[in-house]
Amino acid sequence: MPDSDVLVVGAGPAGSVAAWEAKRAAPELDVVLLERDHAVGVPVRCAEGVGDAGLREFVDPDGAPWVARRITRIIFVAPDDTETRVADGTVAWILDRTRFDPFLAERARAAGVEVRVATEAAGMERDSDGRWRVRVRGPEGEELWRARVVIGADGVEAMVGRWAGLDTRVPARDMESCAQYVLQHVDFDPDAIYLQFGDRIAPGGYAWLFPKGVGIANVGLGIVALRADGRNAREYLDAWIARRYPGGTSVGSTVGGVIVNPTIKQTYCDGVLLAGDAAHMVNPLSGAGIVNAMKAGRLAGRTAAAALREQDTSAQRLSSYHRAWMELLGEEHRTHYRIKQALDDLDDAFFNGLARTVNGIPEGKRSLGRVFMHALVKHPQLIPVAARCFV
Amino acid sequence: MTPLFAPAKVARMAHSRVTELASVDLAVCDRCGLCLPLCPPEAIHLAFDRLLVDRDTCTGCRKCIAPCPVGALAMVPA
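The listed protein sequences derive, respectively, from chains A and B. Residues in the first sequence are numbered from 1 upward in steps of one, following this note's numbering. Residues in the second sequence are numbered from 1001 upward in steps of one, following this note's numbering.
Extracted from the complex, chain A is given alone in its bound form (with noise of 0.2 Å):
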């Protein structure tokens, strides 16, 4: 039976990062990292934009083969299309998933990590020792693996966690149901990212254009299907695109779910850890992941690997996981959490006259302070959002 110090399971930003860090805080471990896909970064499941800060962390953007655009702009698009533009600057990043995603796993590989693809974890179960067995099948069949710590980052479905007896399960109010198509020959300005909101466009989510290059761009919405009218997500697109790109031609589809709901309760249990999606850790307001994800990983990387030289890899060792993401974004989620909900009470018509709102300061001075009191002084409605940042 082949031995693990940590298995990390899922190739996404997530685990890639957990794998490298474990194997350069510990270079003596073995770490090793599963992707049931046949290769890492495919199929896409993400509207790749990222924030240039966060990102900035962990890699640089500048010439990266792995960037597909510079973004200096964001446009709100209210539900009755008048358009607000925000900031300046460097803003975001959209990526190439396809080519990110396999430079992380190809730096942890370089780093000495053991890189599997298309082998998956399909189950798991404690030893007599306190170690886990992990039942993996690859390309040569199945076979069991021993570890001290597995690492979950295994997206949405989260059966990594599941299996080590953690709640990973997600109310529907919180799953936020995407569709999204590359979309070629469409006009926009391809230095910015378009973000539009409508109960009849998205209802609980919004509908968004990343772009890609000049005339592409991920084109895509995420919905609420509680609040839905009965079509899903990709019917929802379908018909925001007919009204708004209607000239646009698809060169790929992909569909997803996206958690907006707080980080769940215990990300850790006895030579566990759970990171990224798999830990419901996107930012519920936003809908953003990547940089968490990374954020994650490196610290249950780290956490692993500090574990495994004290060699206790119990819960309450690994325990200070939690209480290290929960303090760097876990507890602000929470309050993320409350505005969305508080949002979601108002209507499309609070939406287009908070635009023009905004559309009468001018562009300059548009700093997120001033466009915030204005709001509130002209807004009322606003005030228990506000509230809500505070509580």
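Possibly wrong hints are sitting among the right ones.
As the list claims (entries may be wrong) - If you want a taste of the chain B side facing chain A, the calculated C-beta under 8 Å gives, among others:
id : residue
1  : Gly1033
2  : Pro1040
3  : Glu1042
4  : Leu1046
5  : Lys1063
6  : Ala1066
7  : Pro1067
Source of the hints: derived by calculation from the structure; they are not laboratory data. Each residue gets a CB set at the ideal place from its N, CA and C atoms; glycine is no exception.
For this one, chain A is given, so just place chain B on it according to the hints.
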């Protein structure tokens, strides 16, 4: 506080009265895995890149049906 999810025991007891079960159309399913964490009794699995609904565990609660982004899940007689 009301628990968000029915405990597994309750789910199994309820199962005896189930008349409809969730079923997946594999020709439509994109294997995105969104429905897995929505299933209270954890009856949905992705194995060998195929989505499976465990007929013995599904309670017919319908929670997975509407959220499917492509409408690949439907209720069928038990």
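Checked hints:
| no. | hint | verdict |
| --- | --- | --- |
| 1 | Gly1033 | holds, 4 Å |
| 2 | Pro1040 | holds, 7 Å |
| 3 | Glu1042 | holds, 6 Å |
| 4 | Leu1046 | holds, 6 Å |
| 5 | Lys1063 | holds, 6 Å |
| 6 | Ala1066 | holds, 4 Å |
| 7 | Pro1067 | holds, 4 Å |
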